[in-house]
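Listed below are the residues making up each chain.
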Amino acid sequence: MSESLDLHLASVETSLDNPVLPFLRQDRIPHIWCPGCGIGTSVNCFCRALSDSGLDLDKVAIVSGIGCTGRTAGYLNLDSFHTTHGRAIPFATGLKLSNPELNVVVYSGDGDLFAIGGNHFFHAARRNMDILVICVNNFTYGMTGGQVAPTTPVGPTQTTMPYGNFENPFNLPFIADACGATYVSRWTIYHVRQLAKAMKEALGKKGFRFIEVMSPCPTLYSRRNRLGDGVDQVKYYKEKSVIKNGVDTKEVGLGYQGEIVVGKFVDRERPTWLESMNAHYSHHFGDAFQPYGVKNGQD
Amino acid sequence: MKADPKGVLTGVHFMDGDHAACEGALAAGCRFVAGYPITPSTEIVERFAARIPKVGGVFIQMEDELAASIAIQGGVWGGQKVMSVTSGPGLSLMMEHLGYAAMTETPSVWVDVQRGGPSTGLPTLPAQADMMQIKWGSHGDYEIIALSPNSPQECFDLMIKAFNLSEEYRCPVFLMMDEVVGHMTERVNIPSADQIDVTERKWTKKKPGEYKAFATTPEDLVPEMVKAGDGYRIHVTGLTHDERGYPAMDVPNQAKLIPRLLNKIRNNVHKLVDVRMDGCEDADVIVMSFGITSRVATAAIDAARAKGLKVGHLRLIICWPFPVALIQQLARTAKAFVVPELNMGQMVLEVRKALADVDRKVKVISVPHPGGTVHDPETILEQILEAAR
Amino acid sequence: MSAEDDARKGKGTVFVRVEVCKGCSFCIDFCPSHALEFSREFNPKGYHFPVLGRAEDCTGCDLCGLYCPDFAIFGARWKDLDEKRQAASTPTQP
Numbered sequence: 001m002s003e004s005l006d007l008h009l010a011s012v013e014t015s016l017d018n019p020v021l022p023f024l025r026q027d028r029i030p031h032i033w034c035p036g037c038g039i040g041t042s043v044n045c046f047c048r049a050l051s052d053s054g055l056d057l058d059k060v061a062i063v064s065g066i067g068c069t070g071r072t073a074g075y076l077n078l079d080s081f082h083t084t085h086g087r088a089i090p091f092a093t094g095l096k097l098s099n100p101e102l103n104v105v106v107y108s109g110d111g112d113l114f115a116i117g118g119n120h121f122f123h124a125a126r127r128n129m130d131i132l133v134i135c136v137n138n139f140t141y142g143m144t145g146g147q148v149a150p151t152t153p154v155g156p157t158q159t160t161m162p163y164g165n166f167e168n169p170f171n172l173p174f175i176a177d178a179c180g181a182t183y184v185s186r187w188t189i190y191h192v193r194q195l196a197k198a199m200k201e202a203l204g205k206k207g208f209r210f211i212e213v214m215s216p217c218p219t220l221y222s223r224r225n226r227l228g229d230g231v232d233q234v235k236y237y238k239e240k241s242v243i244k245n246g247v248d249t250k251e252v253g254l255g256y257q258g259e260i261v262v263g264k265f266v267d268r269e270r271p272t273w274l275e276s277m278n279a280h281y282s283h284h285f286g287d288a289f290q291p292y293g294v295k296n297g298q299d
Numbered sequence: 300m301k302a303d304p305k306g307v308l309t310g311v312h313f314m315d316g317d318h319a320a321c322e323g324a325l326a327a328g329c330r331f332v333a334g335y336p337i338t339p340s341t342e343i344v345e346r347f348a349a350r351i352p353k354v355g356g357v358f359i360q361m362e363d364e365l366a367a368s369i370a371i372q373g374g375v376w377g378g379q380k381v382m383s384v385t386s387g388p389g390l391s392l393m394m395e396h397l398g399y400a401a402m403t404e405t406p407s408v409w410v411d412v413q414r415g416g417p418s419t420g421l422p423t424l425p426a427q428a429d430m431m432q433i434k435w436g437s438h439g440d441y442e443i444i445a446l447s448p449n450s451p452q453e454c455f456d457l458m459i460k461a462f463n464l465s466e467e468y469r470c471p472v473f474l475m476m477d478e479v480v481g482h483m484t485e486r487v488n489i490p491s492a493d494q495i496d497v498t499e500r501k502w503t504k505k506k507p508g509e510y511k512a513f514a515t516t517p518e519d520l521v522p523e524m525v526k527a528g529d530g531y532r533i534h535v536t537g538l539t540h541d542e543r544g545y546p547a548m549d550v551p552n553q554a555k556l557i558p559r560l561l562n563k564i565r566n567n568v569h570k571l572v573d574v575r576m577d578g579c580e581d582a583d584v585i586v587m588s589f590g591i592t593s594r595v596a597t598a599a600i601d602a603a604r605a606k607g608l609k610v611g612h613l614r615l616i617i618c619w620p621f622p623v624a625l626i627q628q629l630a631r632t633a634k635a636f637v638v639p640e641l642n643m644g645q646m647v648l649e650v651r652k653a654l655a656d657v658d659r660k661v662k663v664i665s666v667p668h669p670g671g672t673v674h675d676p677e678t679i680l681e682q683i684l685e686a687a688r
Numbered sequence: 689m690s691a692e693d694d695a696r697k698g699k700g701t702v703f704v705r706v707e708v709c710k711g712c713s714f715c716i717d718f719c720p721s722h723a724l725e726f727s728r729e730f731n732p733k734g735y736h737f738p739v740l741g742r743a744e745d746c747t748g749c750d751l752c753g754l755y756c757p758d759f760a761i762f763g764a765r766w767k768d769l770d771e772k773r774q775a776a777s778t779p780t781q782p
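Protein chains in written order, with the working numbering: chain A, 1 to 299; chain B, 300 to 688; chain C, 689 to 782.
Hints are computed from structural coordinates only; laboratory data are not their basis. Yeah, the Cβ is synthetic: ideal placement off N, Cα and C, and Gly gets one too. Do not take every clue at face value.
As the list claims (entries may be wrong) - Partial list, derived from the structure: chain C residues whose beta carbon lies under 10 Å from chain A: (1) Gly698; (2) Phe703; (3) Lys710; (4) Cys712; (5) Ser713; (6) Ile716; (7) Phe718; (8) Glu744; (9) Asp745; (10) Gly748; (11) Gly753; (12) Tyr755; (13) Phe759; (14) Ala760.
Said to hold, decoys possible - Computed beta-carbon distance windows for the label pairs: (15) A/Val154 - B/Ala349: 19 to 27 Å; (16) A/Tyr163 - B/Thr516: 54 to 62 Å; (17) B/Pro517 - A/Ala178: 49 to 57 Å.
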């Protein structure tokens, strides 16, 4: 150990731990994510958001699909569900509807949520299902070795686009907006304070809420395309991002290493699926209907 | 415990099998259904959608069967009893989530109102050709329980049994209906709630900290359960996992988990035998049937008996796990088995497999049918006569 | 002067769990006061880890803590640490 470390350790109070540790399953750390991967940073921000939210963590559940980001559920010290590929949102829908007091968060990747799981995203947003969806977008399939994703910009090489990608990628905030999400924002993992704040804000809102988090995949995206390491991608985020709150989501599509528009794009109120159901049946059946999932007349 | 009276439509009704199945689910305590319309199962979810606001619970029509079959599992971990309902093509889509339910030990009822296949096949016409799909259709090794009703009354009764077994064994349980049983209208007697036994979920009494989500004992291979929101901070994954539910992708954990998932059913096969036997004790020929085919077989058996033959009828109520020991016991005296089914020969393979260990030579005659209608009783009779020869 | 007093050159400090660091350098590159640098040594996994090379510049802002994907580092202000310590050492009323 170095001198500086020795000196430093001398000043460390053993009772003082990293403030995010209580939010993690410490017996599962270190995690599987590569050096320079940003998923951990997003989780770090999420822990701060949970901490600042004041929520009863026994009533927060996290649902993930499959993939690198899909492993998030397994690291958070919450009721956590690691489901099948693409199906985190319908699982979360069932969880929320059967136990409405839960604050349900879906935490998954771009391939999981928008390729194999795309249909579920559209419909949960359309229904205004009361869940928060956090999508860590690293523009590739990491867990399987760097294949083209529905978010991969035109240009970069992926193992299944060996001569560069020629498919048009999704503009995720635009999809979320068009499908009816009540809250849509995008940040990169350079924007840690804004991201943690957005997560906290979204945790406190109702309805289908969506946060896109741009995050580097150094192993299978950046290095393969000679974009450097994770930290180089984050530097790119720093240089090329502009904050445009409230901008039309049509305008926020991403090009290869181009300008990145970040910010809060949508923040609106719509009745959630359960609120609509209860309101509709209360109207239809009158007093004979007992509103579902509502305790003591409040929800 | 007894059924919640809110869900029990006590009385004598004239209803079809689909509706009776729905009432069975409500009586069993099902309060969350995620479905997707598909002929000939749709009436079950239609009725559930109409009834549930009055009972207290949720129905949601999902965007596809993939979503429906995983939404119900979210429903279980939120604390409800759940069901999903489908037919052929939808069942094929649900296969991955069948494996997830088996792996995560999520008690859930799956209803398959069978129609002719493969592919879109015969949407409005019957078959019994999904029997092997439910047993083997999801990848990897797993066990399920499957029940097969032959009347609307049994759709009601066996639905309750399906829910109870899913809670007892924490595994997916299938109600294997078919188009004819689903759309057949008959008398259905729904008893009062205090006459309906309902198995409660195997809730743990342990406190957070003491509780391990997938820990079992050698005596009881079914773990105790909790739901999200109760402070246990559980982790559930479809990956191979340890007793805490944490991913543990190695040989020792696989070697521990998978045999337990199988053995919690296989060790109880004797308890899970549910058959109706008629004249099997001294029969020369035994007709084994299930579902709607059992009603057609009865006509053929009566005709054969009228000709003086000693014919027994073995009707499977629980098809999976298959009653191997019972077949072997019957083979000590019977000369032949005749197996009519609305497929090209599926459950007959199980009979052949069971008899492979029997020293006596016992004939097995398959009476296949590609589906679309039921057997002509004459066809079954001919094979009974052939078997008796 | 204790080792700690000696180390109190800036307004705050950082705490590093050396063994879980993967050397991504997020904390080093995005430290607003450029107070961190890589160690010369390797941790048990073979990564260089951050050390407080310019302790006098550390403000204890904890931005490093927020950036760290491995939950390996966090920062704190001496002022806040002292308050915490004081609170911990003050006997609580029965």
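Each hint tested on the structure:
| no. | hint | in the structure |
| --- | --- | --- |
| 1 | Gly698 | violated, 12 Å |
| 2 | Phe703 | holds, 5 Å |
| 3 | Lys710 | holds, 4 Å |
| 4 | Cys712 | holds, 4 Å |
| 5 | Ser713 | holds, 5 Å |
| 6 | Ile716 | holds, 8 Å |
| 7 | Phe718 | holds, 7 Å |
| 8 | Glu744 | violated, 13 Å |
| 9 | Asp745 | violated, 14 Å |
| 10 | Gly748 | violated, 12 Å |
| 11 | Gly753 | holds, 7 Å |
| 12 | Tyr755 | holds, 6 Å |
| 13 | Phe759 | holds, 6 Å |
| 14 | Ala760 | holds, 8 Å |
| 15 | A/Val154 - B/Ala349: 19 to 27 Å | violated, 49 Å |
| 16 | A/Tyr163 - B/Thr516: 54 to 62 Å | holds, 58 Å |
| 17 | B/Pro517 - A/Ala178: 49 to 57 Å | holds, 55 Å |
Taken one by one, the earlier hints fail for this structure at numbers 1, 8, 9, 10 and 15, listed in ascending order.
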